[in-house]
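Protein chains: 2
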Amino acid sequence: MTRKELFSQIQRKQSYLCVGLDTDIQKIPGHLLHEDDPVFIFNKAIIDATIDYAVAYKPNLAFYESLGPKGLESLQKTIEYLPDDVFTIADAKRGDIGNTSGLYARAFFEYYQFDSVTVAPYMGSDSVMPFLNYPGKWVILLALTSNKGADDFQKCELKDTSSSLYQQVLETSKQWADRDHMMYVVGATQASLLEEIRKIAPDHFLLVPGVGAQGGSLAEVSRFGMNSECGLLVNSSRGIIYASSGPDYTKAAANSAKKTQEEMAVYLNRYL
Amino acid sequence: MTRKELFSQIQRKQSYLCVGLDTDIQKIPGHLLHEDDPVFIFNKAIIDATIDYAVAYKPNLAFYESLGPKGLESLQKTIEYLPDDVFTIADAKRGDIGNTSGLYARAFFEYYQFDSVTVAPYMGSDSVMPFLNYPGKWVILLALTSNKGADDFQKCELKDTSSSLYQQVLETSKQWADRDHMMYVVGATQASLLEEIRKIAPDHFLLVPGVGAQGGSLAEVSRFGMNSECGLLVNSSRGIIYASSGPDYTKAAANSAKKTQEEMAVYLNRYL
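In order, the protein sequences belong to chains G and B.
Reading the first sequence from the start, the letters are residues 889 to 1160 in the numbering used here.
Reading the second sequence from the start, the letters are residues 889 to 1160 in the numbering used here.
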């Protein structure tokens, strides 16, 4: 999916919501466990319930891998079920030496046919480049994450540039790919730093996790993070998919997604 | 496997060789492609050929994931085939927010029952901690990798400590776990920095990739990296598993592993 197509979907749905399919077999409604593939059945129901309100879906690979090969089959069915006009994100946070990153790219772009994959920057340019060889596919590079551990290294100040590591990651990686091929992960819990980040990367899309269960504010993220083409995909996982643990889980997910979309529509009108 | 058990295996086999099972379906001998599970058949043959010379095996997850769920089945069979007295490493380079890292830990330690998993440090403490909740299991944290991109961020000098990022990763993470639960990845191409690294982490095991195809020297790694309990696992992938692409591939792998083991025996006698 191109940047223009993504922005067009955002305008059409008046939403920049990404639904995180962090589907944990231990948390889905009990009555689904009798199904042949409860994870896929749950995902299918969540997708059906939220498709009018979301422009992107982001399965986190950990949840599928924890179930072994069968979990990856559930993932594959989920991706195949998602319509072409939503943006798909493999939240995998991969990154390895060049030839190995090439294999991860093969996995996520060729085998599962995701539109994008999240990549960790620690191993540098040649760990990211192989993901950029696929026309129409995207790298979403970790910059500043939503968790407490982001303070450990990402915020370390560098000697030569007096910038933090995450700022250096943005500066350096901008040279690897433009806004049509790269996005950045910036945690919603870091909203106060979004102004700084927008100075370095004004035009790139940002994937923003951490709204909801992790405590980030959609209002602040939108105020400080939005650019002229929206430039935001704000993820919510637990707040939508586990809005209810009972038989009404699809209705609760739809309501939660709708409420978020309606708030997003306000910000799109205000800042765009 | 405990540190003592690992050292005992190193002494018994006079080897600190780790065989990297980077099994690429496009590179294994053509006659295996008629088999039902060529990746597993190849791995099984490589394990049989090298088991006398290696103390550890390291499948790189990318190679298995690139084949979809079926690739993970090959991985599972491979892990089940490996005897209990070898140290197994899931080379996965994972790392995510706490609850998600917990799921990766569940995948690699509970489902596949690896002894250890490689973890990327970028997301900090809470992305690593969930892997440390498993008695007898290990985190192998990326410190200084073997690829060119290691220069991009790992070698950035930090303002407050005047150390490089990778040195800070070592210093900080030493507080998360001791030498009985954590190892570090240090690329063989960085052998000149092993003396510095040993000043920060004298007692930890180091997993050293990059000997062979990537150009690292076993002699230098052993000279600068070995400690009183060896403290090294030196990985070779392509140089062993693709020593021949013909029907003699097991013999060639055995010869290559044996040659490496014999060189290692010399260094063990010299430095231990």
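Quick caveat, the hints were computed from the structure, so don't treat them as lab data.
Just so we're clear, the structure is a prediction, and the values are computed from it rather than from any experiment.
Please note: incorrect hints may appear among the correct ones.
All copies of an identical chain are treated as equivalent in the list; a pair is satisfied when it fits inside any one copy or across any two copies.
No farther apart than 20 Å at their CA atoms in a straight line, the calculated lysine-lysine pairs in the PhoX-like style are these [stated by the list, open to error]:
id	residue 1	residue 2
1	1062	1043
2	915	1087
3	958	1146
4	1146	932
5	1062	915
6	1139	1062
7	1036	1062
8	932	915
9	1087	1043
Results for each hint:
1. Taking CA atoms no more than 20 Å apart as the test, residue 1062 paired with residue 1043 passes in both settings, with 19 Å inside one copy and 19 Å between copies.
2. For the homomeric pair residue 915 and residue 1087, neither the shortest alpha-carbon distance inside one copy (40 Å) nor that between copies (46 Å) is at most 20 Å.
3. Taking the shortest Cα distances, residue 958 and residue 1146 never come within 20 Å of each other, neither inside one copy (32 Å) nor across copies (37 Å).
4. Taking identical chains as interchangeable, the C-alpha atoms of residue 1146 and residue 932 lie at most 20 Å apart only when both belong to the same chain, with a minimum of 17 Å there against 52 Å between chains.
5. For a Cα distance limit of 20 Å, the shortest separation of residue 1062 from residue 915 qualifies neither inside one copy, at 39 Å, nor across copies, at 34 Å.
6. Proximity of residue 1139 and residue 1062 under a CA criterion of 20 Å is satisfied in neither setting, with 41 Å inside one chain copy and 47 Å between copies.
7. Proximity of residue 1036 to residue 1062 under the C-alpha cut-off of 20 Å is restricted to the inter-copy arrangement: shortest distance 18 Å between copies versus 25 Å within a copy.
8. Proximity of residue 932 and residue 915 under a CA criterion of 20 Å is satisfied intra-copy only: 16 Å inside one chain copy versus 37 Å between copies.
9. Taking the shortest alpha-carbon separations for residue 1087 and residue 1043, only the intra-copy value of 17 Å comes in at or below 20 Å, while the best inter-copy value is 25 Å.
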